[in-house]
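Chemist: Top line first, the protein sequences correspond to chains F and L.
Numbering (this note's numbering) for the first sequence: 6 to 489.
Numbering (this note's numbering) for the second sequence: 6 to 489.
Hints in this document: simulated from the structure, not taken from any laboratory.
From the three backbone atoms N, C-alpha and C, an ideal C-beta is built for every residue, glycine too.
Any given hint could be a false lead.
Said to hold, decoys possible - Straight-line C-alpha distance at most 20 Å; calculated SDA-like pairs for lysine to any residue:
{"hint": "1", "chain 1": "F", "residue 1": "Lys118", "chain 2": "L", "residue 2": "Leu133"}
{"hint": "2", "chain 1": "F", "residue 1": "Lys400", "chain 2": "L", "residue 2": "Pro30"}
{"hint": "3", "chain 1": "L", "residue 1": "Lys443", "chain 2": "F", "residue 2": "Glu440"}
{"hint": "4", "chain 1": "L", "residue 1": "Lys258", "chain 2": "F", "residue 2": "Phe31"}
{"hint": "5", "chain 1": "L", "residue 1": "Lys227", "chain 2": "L", "residue 2": "Val271"}
{"hint": "6", "chain 1": "L", "residue 1": "Lys400", "chain 2": "F", "residue 2": "Glu333"}
{"hint": "7", "chain 1": "F", "residue 1": "Lys445", "chain 2": "L", "residue 2": "Val271"}
{"hint": "8", "chain 1": "L", "residue 1": "Lys400", "chain 2": "F", "residue 2": "Lys400"}
{"hint": "9", "chain 1": "L", "residue 1": "Lys102", "chain 2": "L", "residue 2": "Leu133"}
{"hint": "10", "chain 1": "F", "residue 1": "Lys445", "chain 2": "L", "residue 2": "Leu436"}
{"hint": "11", "chain 1": "F", "residue 1": "Lys445", "chain 2": "L", "residue 2": "Leu133"}
{"hint": "12", "chain 1": "F", "residue 1": "Lys443", "chain 2": "L", "residue 2": "Ile352"}
{"hint": "13", "chain 1": "L", "residue 1": "Lys443", "chain 2": "F", "residue 2": "Glu438"}
{"hint": "14", "chain 1": "F", "residue 1": "Lys400", "chain 2": "L", "residue 2": "Val271"}
What the hints assert, rightly or not - Simulated coverage check for chain F against chain L, where a stretch passes if three residues somewhere in it have a Cβ under 8 Å from a Cβ of chain L:
{"hint": "15", "stretch": "164-174"}
{"hint": "16", "stretch": "305-311"}
{"hint": "17", "stretch": "322-334"}
{"hint": "18", "stretch": "414-420"}
{"hint": "19", "stretch": "425-438"}
{"hint": "20", "stretch": "462-468"}
Letter by letter, the chains look like this.
Protein chains: 2
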Amino acid sequence: MSEEFSLGRLFSPSSVAIVGASLNPFSGGYQFTRFLIDHGFQGKLYLVNPTSSEILGLKVYPRLTEIPESNLDYVISCIPAEGVLSLLKDCSKKNVKLVHLFTARLKETGRDKETKLQGEILEKARRLGIRILGPNCMGIYYPKLGLSFNHELPRETGPVGGFFQSGGGAGEFVRYAALRGVRFSKIISYGNASDVDETELLNYFTSDSETKVIASYIEGVKDGGKFVEALALATKKKPVIILKGGRGRTGAKLALSHTASLAGSVKVWQAVFKQYGAIMVSNFQELIDQVVAFTFLPPITGRRVIIAGGGGGKSMVSADVWEEEGFELPELSVELRKKIKKQDPEIWDWVRNPIDASLFQGTSLSDIDLLEWISNEDKFDILVANLTQDDPLPKDIWEKVLASNFLRSTVAIRKKGKPVVCIIETGEIGLAEMESWKWKAIAETRRQIINQGLAVFPSPERAARATRRLVNYWTWQENENELL
Amino acid sequence: MSEEFSLGRLFSPSSVAIVGASLNPFSGGYQFTRFLIDHGFQGKLYLVNPTSSEILGLKVYPRLTEIPESNLDYVISCIPAEGVLSLLKDCSKKNVKLVHLFTARLKETGRDKETKLQGEILEKARRLGIRILGPNCMGIYYPKLGLSFNHELPRETGPVGGFFQSGGGAGEFVRYAALRGVRFSKIISYGNASDVDETELLNYFTSDSETKVIASYIEGVKDGGKFVEALALATKKKPVIILKGGRGRTGAKLALSHTASLAGSVKVWQAVFKQYGAIMVSNFQELIDQVVAFTFLPPITGRRVIIAGGGGGKSMVSADVWEEEGFELPELSVELRKKIKKQDPEIWDWVRNPIDASLFQGTSLSDIDLLEWISNEDKFDILVANLTQDDPLPKDIWEKVLASNFLRSTVAIRKKGKPVVCIIETGEIGLAEMESWKWKAIAETRRQIINQGLAVFPSPERAARATRRLVNYWTWQENENELL
Chain F
6 MSEEFSLGRL FSPSSVAIVG ASLNPFSGGY QFTRFLIDHG FQGKLYLVNP
56 TSSEILGLKV YPRLTEIPES NLDYVISCIP AEGVLSLLKD CSKKNVKLVH
106 LFTARLKETG RDKETKLQGE ILEKARRLGI RILGPNCMGI YYPKLGLSFN
156 HELPRETGPV GGFFQSGGGA GEFVRYAALR GVRFSKIISY GNASDVDETE
206 LLNYFTSDSE TKVIASYIEG VKDGGKFVEA LALATKKKPV IILKGGRGRT
256 GAKLALSHTA SLAGSVKVWQ AVFKQYGAIM VSNFQELIDQ VVAFTFLPPI
306 TGRRVIIAGG GGGKSMVSAD VWEEEGFELP ELSVELRKKI KKQDPEIWDW
356 VRNPIDASLF QGTSLSDIDL LEWISNEDKF DILVANLTQD DPLPKDIWEK
406 VLASNFLRST VAIRKKGKPV VCIIETGEIG LAEMESWKWK AIAETRRQII
456 NQGLAVFPSP ERAARATRRL VNYWTWQENE NELL
Chain L
6 MSEEFSLGRL FSPSSVAIVG ASLNPFSGGY QFTRFLIDHG FQGKLYLVNP
56 TSSEILGLKV YPRLTEIPES NLDYVISCIP AEGVLSLLKD CSKKNVKLVH
106 LFTARLKETG RDKETKLQGE ILEKARRLGI RILGPNCMGI YYPKLGLSFN
156 HELPRETGPV GGFFQSGGGA GEFVRYAALR GVRFSKIISY GNASDVDETE
206 LLNYFTSDSE TKVIASYIEG VKDGGKFVEA LALATKKKPV IILKGGRGRT
256 GAKLALSHTA SLAGSVKVWQ AVFKQYGAIM VSNFQELIDQ VVAFTFLPPI
306 TGRRVIIAGG GGGKSMVSAD VWEEEGFELP ELSVELRKKI KKQDPEIWDW
356 VRNPIDASLF QGTSLSDIDL LEWISNEDKF DILVANLTQD DPLPKDIWEK
406 VLASNFLRST VAIRKKGKPV VCIIETGEIG LAEMESWKWK AIAETRRQII
456 NQGLAVFPSP ERAARATRRL VNYWTWQENE NELL
């Protein structure tokens, strides 16, 4: 049985036991119980704790071996490290296949005793035929099954899967990406990687049919050669986006104490990523922007953009940032200019790409008309729509333009097969803005646009950067040269 | 009388007439009337329109010369370009000193006739001793007097002043920066710069005592030599942040049709900015981040940061991005480590800079204690506080940590004289989040922290970049070498 299939089966348990389940709301043992109940775990859920009889309405068993079920697929260990060796013995009796060690304070402490204990745990697990996820990690978020490692993660599924060496990073990534409309196949937090490691996880996600895009946060790899081999296979099948943590001087020192990893030189990572077509991002925001791009944009290999919307300053700076990311702005076609002239002889010779929407004020031309006409242009690859509010209008008009007309037009363009990138700047709003119709309208419009399957970014520069990396990847896949 | 004083007097009118005031809510003539009423303009406001008798409750005069006041300081022209020459004649009879031409479609059309008319307007104004702001611009936002060029701009005043060649850009800048806590002395939108231009405005803001930080959006300059002279004077007195629009190939073509400017080579601009200590930013978000930095951070010339808060992945990536922007992370002092050891012998040897807050879970140490202890450290220059929500807690605890303890600690550090940079990721929230206690708590906490005068940024990388440019500027001011 291949490793990949094996991990896939391990990540789909039909029964889960939380050992160290607890009544203390600040404990992992309480929180994991809540996560699985709240996310509607599909299988059987058992709780183990010698001192409680009921937690969150569920019966609690004093010991794993007391659970009447003879096959427990998956155990989440929330007990202190000292108890894990004897827990493994119990697991073996119940035919447990995978133990997730939320349990921490092992090798990442940098101390001899703890490092030794981690080794003993691994050795014993191997002997008993049990796989270990962690220690020092959050485990599995698999919305299809209702497995979760955090509050309020989406219950719907989607195409993004991945593996994160940081549990906090994994949770934050899922929650903030979810606000952008991204949904997930499964996300695995794997911590110290004592057994299940980055290479096995990468191979698994490469073969996982539920995952179309792989996102990852890695601090270090155990076996560079094997990882690169896995990467070479993965990037040919689907985009792989990696946030490498511990790139600097401090990070190299720190990686050991966070997840017991050797960080490796950032230059080596960069060179490998370029050669094998993996997409390297620098921070969590870029990671999220990149999964937004791959979730909502098709494979694009062209770099010609038409930028529409926003006033003169906005369109000017948009043109700058898209050009600086390697895109071109072709001239509008003669046919389009003729159409504009027919509609408004006053401004036709003056409308250019990027299209300054403020020119249309007081004319019989609307940016909506124009967006529809653009859909017939063929000498461009991407429409960039700046859905700006730099000229705030009265409520009725503004809501109409934002929510209805604009949406209609961009959807029309998309039907012609042209990818659309929308920019909506949501701003750092406060309580007062949360009460205002305008910010509510922005939020609602954004949701509607995302629901139509369009890519939405919060600023032109973030949109341009994520789109560049997407185009670079698909170009690399076609040519198999070095990734730009 | 110096140009600077002259502009200062012109920007402080005690009477304003809006010519072309209108009942049509989509017209500039209506909107400027609304802006001045809504922002509580302190002086006398007159409306002129030959076909209306009352607009928004104010009497309307058929012609400027019919206004009983013999001295009108400032006229906002919302009439078509063809009417401006005869308006100027009327202005002269009323001793008008400054005419703001919201009126557009002149030189920016690129057409001979319109270009000629712009020239005639300027010539006539000069002959009559009237200064022209524009054409094709939004004019003056001066909250102290209640002058405004957009809806819902802050009525409170603040230290940021500046001049913007794009009116839409100016409005968007003010509104989004205001959400970040920035307030303004005055912002001037100057469009085609036919008379009042970037050099005169820069000189004015350099001498303006209400302005501590100058922000600008420029597409092109009329006289490079004079502008550089003005820049050399300005940057010695206060920070000057410039967003140069039209940096790329398209921009160079477009600048002409937007504000009739010659854009100039971006390399020349960069070299000049470096030499004279002006801060060049690439987009509106960076411009806003930079005014946040200069509004809330003192003159810092050191590059040693302590990063606290967030889990392991978050602090790791934070360390990376701060290091990549040229900062260093010093080791925590022996004294601090002793304190930690006394409080918790379990983890003391393991707490490093950046400080992984997740280590404190289940210990008697809190990140709050630690922040207070850090305030006694002396071998660092800036505290970076990641106010993260990557480990969402139950409501009561979470609100307390965010809103009370954290604030108390950062304020304590600030009392010791150490600058604090806070990171709060607000996310692209939707309607559902606007209703949720958690996002409301984040918004409220952010407001409280800003009200305490602390600098808040939405991501580590944006914080690090803006702080780097601030440190570069103050270092340049000390050394007068080239700006880093």
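Chemist: Can you name, in rising order, the numbers of the hints this structure does not satisfy?
Modeler: 1, 4, 6, 7, 8, 11, 12, 14, 16 and 18
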